[in-house]
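Student: The residues making up each chain are set out below.
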Amino acid sequence: MMVPVRCFTCGNVVGQHWEEFKERAREGEEDPAEVLDELGVERACCRRMLVSHKDLVDIVSPYQ
Amino acid sequence: MSEEYDVTFIDRDETSARFLVRGVTPAFANGIRRAMLADVPTLSIDTVRVIENSSVMFDEQIALRLGLIPLTTPDDYRPDDTVTLAIDVEGPDTAYSGDLVSSDEQVQPAEADVPIIDLKEGQRLELEADAELGYGKDHAKHQGGVAVGYRHLQRVAVVGEKSEFEDEEPRILRGVIEDDGELVDTEAFEHDLTNRYPGKELEVTDVPNAFVFDVETDGSMPIDDLVLKAAESLSTRADELEDAVQL
Ligand SMILES: [Zn+2]
Chain A
1 MMVPVRCFTC GNVVGQHWEE FKERAREGEE DPAEVLDELG VERACCRRML VSHKDLVDIV
61 SPYQ
Chain B
1 MSEEYDVTFI DRDETSARFL VRGVTPAFAN GIRRAMLADV PTLSIDTVRV IENSSVMFDE
61 QIALRLGLIP LTTPDDYRPD DTVTLAIDVE GPDTAYSGDL VSSDEQVQPA EADVPIIDLK
121 EGQRLELEAD AELGYGKDHA KHQGGVAVGY RHLQRVAVVG EKSEFEDEEP RILRGVIEDD
181 GELVDTEAFE HDLTNRYPGK ELEVTDVPNA FVFDVETDGS MPIDDLVLKA AESLSTRADE
241 LEDAVQL
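Residue numbers (this note's numbering), protein chains in the order written: chain A, 1 to 64; chain B, 1 to 247.
In case anyone wonders, no lab produced these hints; they're calculated from the structure. Remember, it's a predicted structure, so these values are computed and weren't measured experimentally. Treat the hints with care, since some could be wrong.
[Claimed, not checked] Capping the alpha-carbon separation at 25 Å, the derived lysine to aspartate or glutamate pairs in DMTMM-like fashion look like this:
(1) K120(B) <-> E19(A)
(2) K200(B) <-> D214(B)
(3) K120(B) <-> E38(A)
(4) K120(B) <-> E42(A)
(5) K120(B) <-> D55(A)
(6) K22(A) <-> E190(B)
(7) K120(B) <-> E34(A)
(8) K54(A) <-> D39(B)
(9) K54(A) <-> E190(B)
(10) K22(A) <-> D113(B)
(11) K22(A) <-> D93(B)
(12) K54(A) <-> E90(B)
[Unchecked claim] Covered by chain A, per the in silico footprint, the following chain B stretches (three or more residues, Cβ under 8 Å):
(13) 209-220
(14) 233-243
Glycine included, C-beta positions come from ideal geometry on N, C-alpha and C.
Just chain B, with the same shape it has in the complex (with noise of 0.2 Å):
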């Protein structure tokens, strides 16, 4: 590629961000968003043992909301590692994700005041529970990322002047445009180009191999991460192809 690659990040936090990568094809850009679905593992409640339910759900209905709690995942996990959580409310109570007791430190929900199940009086939940690293494309608990996308980068120039009696119609943008070398999130403008340039003839295209992606965590680790091991995971999956084809 003789673009120059380049990342540039426009909104970051702990779970969420928003970042422009340049010179990159659009096949690239979209093994990146696979990646961080599909192969970058996570941790996430697999098997139980159920000691005792007397709630008015069943143990894999109980079971299914427990595999569905982001677990934090630290980076010393191999695949089929587990950890071992348990977690007993009695009632009248509900039981919190945040009750959940596990057997590392590291591990713990990432969401603490997930409601699993509302116990009445009498009622009782008690179990033991096994976490399991696993990639997503075995099961959507384990992923990691939680709707990533990217959309072409857009520029937008001014050509000329509207015509006194053309009519004004909406010229909806979402996402970030590029103007005169800037990045402006649409937001700024409510999304409407003709509220940033009333009564101007726009051209709006697309730039070439600029991609903004979105992203979120479930939490499970932060966004820097997801995007590292994304990216980490296709260059691994790169050499074992070449490894592979090798005469």
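Looking at chain A on its own, in the form it has when it is part of the complex (with noise of 0.2 Å):
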């Protein structure tokens, strides 16, 4: 639903990346590989959080 604040696996905070990465890498055009890089996300298990993420909070919000 929102995305996670730590990566499951290490346990590294990468909460605060997603509205940079998902502005710039899924909205915008840039290498989602060169985006995680500058944003010092560097294993590949907290990759994956970012990657792998889907807002849902837009889609259950009008079954309240």
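Each of the two chains sits in its own frame; use the hints to bring them together as a complex.
Tutor: In structure tokens:
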């Protein structure tokens, strides 16, 4: 629903990078790998947290 | 131990470091690693009193997210000490970790930009939370160290030339190597020794009792504090054991 606060595997805090990642790599045209490198998200376990995330708040909110 | 104990820093900043420790046994190196994960206490939100939560997430989900946010942990906290934090955000807006208001100036969210919950028109999140000093062995949210690990220091020696028709195969090493007494990050030659020594016959050996540690913190304390507190906890427990078995 919301981006996980931490990486499930290593416990690194990754949530703070989501909005920038979304803006640049999802809505923008930049290469996700380069964006993650610039954000300092190094490990594969942390990178997949952002790469595989989907915001669901907008989808579920009408059914409150 | 006959070898001299020595610590050399390779990289170091506020939240991550890489350092070489010489003259310790593998058991001690692992003891330090485990102490950094499990025995250095950090503050983390543990109890939540919800006043209003009309967001799309359940109270429990919000409480979990709040618990995972690292809080800066000053030195003078003792186990079971608590700090109260409060948050009040009204939609349409997003509640961030930085919206938490702490009762102690020194205890603040280490990351201010972690989204907690996206609030729509008419939704509201208002709650009070108690942060507790706890240990990583009890809950992962109290782990100050993140991805703490170590590996043997490896020594590289050139033992000869490769014959003219021998295939050059990649020789991948990761971490730090000792080459002619000098410490070299393997990134310098893209982790492939054949980039550094093309056409040479090489011998790679583990240096006994030398370990390269990779340590990161979640932001709850600086890296120096984490390592020192881990070492201190190890020594306190060793003293306790000594007292306990004395006749
Ligand atoms: Zn990770």
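Student: Keeping to a limit of 25 Å between CA atoms, is the pair of K54(A) and E190(B) held or broken?
Tutor: Violated. K54(A) to E190(B) sits at ~34 Å, over the 25 Å cutoff.
Student: Taking 25 Å as the top limit, are the C-alpha atoms of K120(B) and E19(A) close enough?
Tutor: Given pair K120(B), E19(A) holds - Cα atoms ~17 Å apart, limit 25 Å.
Student: Would the hint linking K120(B) and E34(A) be met if the CA-CA limit is 25 Å?
Tutor: Violated - the C-alpha atoms of E34(A) and K120(B) are around 32 Å apart, more than 25 Å.
Student: Within a Cα-Cα threshold of 25 Å, do K200(B) and D214(B) meet the stated pairing?
Tutor: Outside the cut-off at roughly 30 Å; violated.
Student: K120(B) and D55(A): Cα distance at most 25 Å?
Tutor: 14 Å, holds
Student: Mind checking the alpha carbons of K120(B) and E38(A) for me, to see if they're no more than 25 Å apart?
Tutor: 31 Å, violated
Student: The region 233-243 of chain B covered by chain A? Criterion: 3 or more residues, Cβ-Cβ distance below 8 Å.
Tutor: With 0 residues closer than 8 Å to chain A, the region 233-243 of chain B misses the three-residue bar; violated.
Student: Quickly compare the C-alpha distance for K22(A) and D93(B) to 25 Å and report which way the hint goes.
Tutor: At roughly 17 Å apart (the allowed maximum being 25 Å), D93(B) and K22(A) satisfy the hint.
Student: Hinted pair, alpha-carbon criterion (25 Å max): K54(A), E90(B). Please report holds or violated.
Tutor: 23 Å, holds
Student: Check the hint pairing K22(A) with D113(B) against an upper bound of 25 Å on the C-alpha distance.
Tutor: 14 Å, holds
Student: Does the structure keep K54(A) and D39(B) at a Cα separation of 25 Å or less?
Tutor: At roughly 35 Å apart (the allowed maximum being 25 Å), D39(B) and K54(A) break the hint.
Student: With a C-beta cutoff of 8 Å, work out whether three or more residues of the region 209-220 of chain B approach chain A closely enough for the coverage to hold.
Tutor: It holds, with 3 qualifying residues against the three required.
Checked against the numbered hints above, the structure violates hints 2, 3, 4, 6, 7, 8, 9 and 14; every other hint is satisfied.
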